[in-house]
Amino acid sequence: MNKFNLNNSYKAVVIGGSAGSFQGVVKILSQLPKGFPLPIIMCLHRLKHVRHGFVEALSLKSVVQVTEPYDKENIKRGSVYLAPANYHLSVELGNYFSLSTEEMINNSRPAIDITLGTCAYVFKDKLIGILLSGANKDGAMGMKHIKDRGGYTIVQEPAECMIDTMPKSAMALTQIDHVLKVDQIVEFFKELDKQYR
Amino acid sequence: MQDIDIADLKRISELIYQKYGYDFRNYAMSSFKRRVLRIMDLKRLTVDALIRKLNDSPEFIHEFLDELTVNVTEMFRDPSFWRIMREEIIPAILLNHKQFKIWHAGCSSGEEVLSMAILLKEMGIHQDVQIYATDLDTTILERAKSGTYSIKNMELNEKNYIRFQGAGSLKDYYREENGQAVFNKDLLNNVTFRKHDLVMGEVFNKFDLVLCRNVMIYFNQALQNEVLKKFHESLFKYGYLAIGSKESLIWCDYANRFIVVNNEEKIYKKIKD
Numbered sequence: 001m002n003k004f005n006l007n008n009s010y011k012a013v014v015i016g017g018s019a020g021s022f023q024g025v026v027k028i029l030s031q032l033p034k035g036f037p038l039p040i041i042m043c044l045h046r047l048k049h050v051r052h053g054f055v056e057a058l059s060l061k062s063v064v065q066v067t068e069p070y071d072k073e074n075i076k077r078g079s080v081y082l083a084p085a086n087y088h089l090s091v092e093l094g095n096y097f098s099l100s101t102e103e104m105i106n107n108s109r110p111a112i113d114i115t116l117g118t119c120a121y122v123f124k125d126k127l128i129g130i131l132l133s134g135a136n137k138d139g140a141m142g143m144k145h146i147k148d149r150g151g152y153t154i155v156q157e158p159a160e161c162m163i164d165t166m167p168k169s170a171m172a173l174t175q176i177d178h179v180l181k182v183d184q185i186v187e188f189f190k191e192l193d194k195q196y197r
Numbered sequence: 198m199q200d201i202d203i204a205d206l207k208r209i210s211e212l213i214y215q216k217y218g219y220d221f222r223n224y225a226m227s228s229f230k231r232r233v234l235r236i237m238d239l240k241r242l243t244v245d246a247l248i249r250k251l252n253d254s255p256e257f258i259h260e261f262l263d264e265l266t267v268n269v270t271e272m273f274r275d276p277s278f279w280r281i282m283r284e285e286i287i288p289a290i291l292l293n294h295k296q297f298k299i300w301h302a303g304c305s306s307g308e309e310v311l312s313m314a315i316l317l318k319e320m321g322i323h324q325d326v327q328i329y330a331t332d333l334d335t336t337i338l339e340r341a342k343s344g345t346y347s348i349k350n351m352e353l354n355e356k357n358y359i360r361f362q363g364a365g366s367l368k369d370y371y372r373e374e375n376g377q378a379v380f381n382k383d384l385l386n387n388v389t390f391r392k393h394d395l396v397m398g399e400v401f402n403k404f405d406l407v408l409c410r411n412v413m414i415y416f417n418q419a420l421q422n423e424v425l426k427k428f429h430e431s432l433f434k435y436g437y438l439a440i441g442s443k444e445s446l447i448w449c450d451y452a453n454r455f456i457v458v459n460n461e462e463k464i465y466k467k468i469k470d
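These protein sequences, in sequence, are chains W and E. Sequential numbering from 1 applies to the first sequence in this note's numbering. Sequential numbering from 198 applies to the second sequence in this note's numbering.
I should point out that these hints are in silico values taken from the structure, not numbers from a laboratory. Don't be surprised by glycine CBs; every beta carbon is placed ideally from N, CA and C. One thing to keep in mind: the hints can contain errors.
As the list claims (entries may be wrong) - Okay, the calculated beta carbon distance ranges per label pair: (1) 394(E) x 173(W): 39 to 45 Å; (2) 400(E) x 64(W): 42 to 48 Å; (3) 47(W) x 435(E): 33 to 39 Å; (4) 470(E) x 124(W): 44 to 50 Å; (5) 94(W) x 234(E): 19 to 25 Å.
Same shape as in the complex, but just chain W (with noise of 0.2 Å):
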């Protein structure tokens, strides 16, 4: 019996996050298990003419390195993505990744939407998608497809988060199946890694 009343069926966790998901993001990937099979696919907030130093240092304590997908790049298991700086991350049907430059959605790009978006028609009720601390609502529509689509969603405790408009933007407009300080997300991956065992 587990408490978050997984199985062994997911294909990709998606991982959105702004202001303040830095420390949190960093706690998860240090602490994934050793071989965690899935895909990770994360779109994060950062700075649009830096293009260096993010992936590098969300790498450092990392358990698998992190690095940021070329256009048209598969998706393998076990790996974990980052949307690179000034690009939109999309997931296409056949499992690979697409880049673009559109307009900035919710003043971001990359967007969450986006991400989260794409994985949700990909991945449909396979897919599980965390929202962490942010100060806008990018994201939440993302988190609301995921759901519509039989996905799982999770966003990081409010009164943990630096800034919490993020989850709770989500919260507002979709249902959340739990709501998660960092530590707990900790746990939730271990117990879905042993789905897989």
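Use these hints to put chain E onto chain W, whose structure you have.
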């Protein structure tokens, strides 16, 4: 916002192909879908109404193309790319040719063309270079020709120019008129703007340098492969091709006819015919 399924997207791309000769059938699906939904939203049309309008009103296609194609760009986007152009690529071309030709493929509203013109001006070789700038969208080509941009975009352009470490200030190249930045006309006097469709169009000239940054990301891999063949044919041997920093050619058939000159900025050199 409304939703649209793949069958309807295919109906739309098939209709545009059959009726107007533009081929979007091999565009990357997620962005194509967002663009079509955006048009439906802007014009307040349902899928059926959009298809009817495309069918019944031939003049609508221009408006449609202008909104469908992504025309978001910056001057000196990725300043480090432009520094490499100035410090390595253009000097390498100049070693062999005093005069040369550049093609901006998918030039959109022309920010990169102007960036190149300014770079060449500052190198003192503007008059020795012939630039071709092409796009399939005639509305956006007119905007590019005018060399006029909203003042509110200039802050970002100015920041990029400073990171590019240009010789002066970007303000040296334009004047303000009614909230618009109007660039000096002589910057574009060596530029030929023309309508050209990368997907359907023929190879029309030979170049020493082709820039096509963040254009092929809207294509699927099969189409990227075809377009790279056209670029290969459009380049002189030892000519250069620049694509976007997060694009890759490694999965294309013709990849082995190029070598990587700068992996960070994704600049390639044609080494085999």
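Cβ separation of residue 400(E) and residue 64(W), checked against the hinted range 42 to 48 Å: 44 Å, holds
Assessment of proposed distance window 33 to 39 Å (beta carbons of residue 47(W), residue 435(E)): The hinted range 33 to 39 Å holds for residue 47(W) and residue 435(E), with Cβ atoms some 37 Å apart.
Range hint compliance [Cβ, residue 470(E) to residue 124(W), 44 to 50 Å]: 47 Å, holds
Range hint 39 to 45 Å (beta carbons of residue 394(E) and residue 173(W)) holds or violated: At roughly 41 Å between Cβ atoms, residue 173(W) and residue 394(E) fall inside 39 to 45 Å, so the hint holds.
Cβ separation of residue 94(W) and residue 234(E), checked against the hinted range 19 to 25 Å: This hint holds: roughly 20 Å between Cβ atoms.
The earlier numbered hints are all upheld by this structure, with none contradicted.
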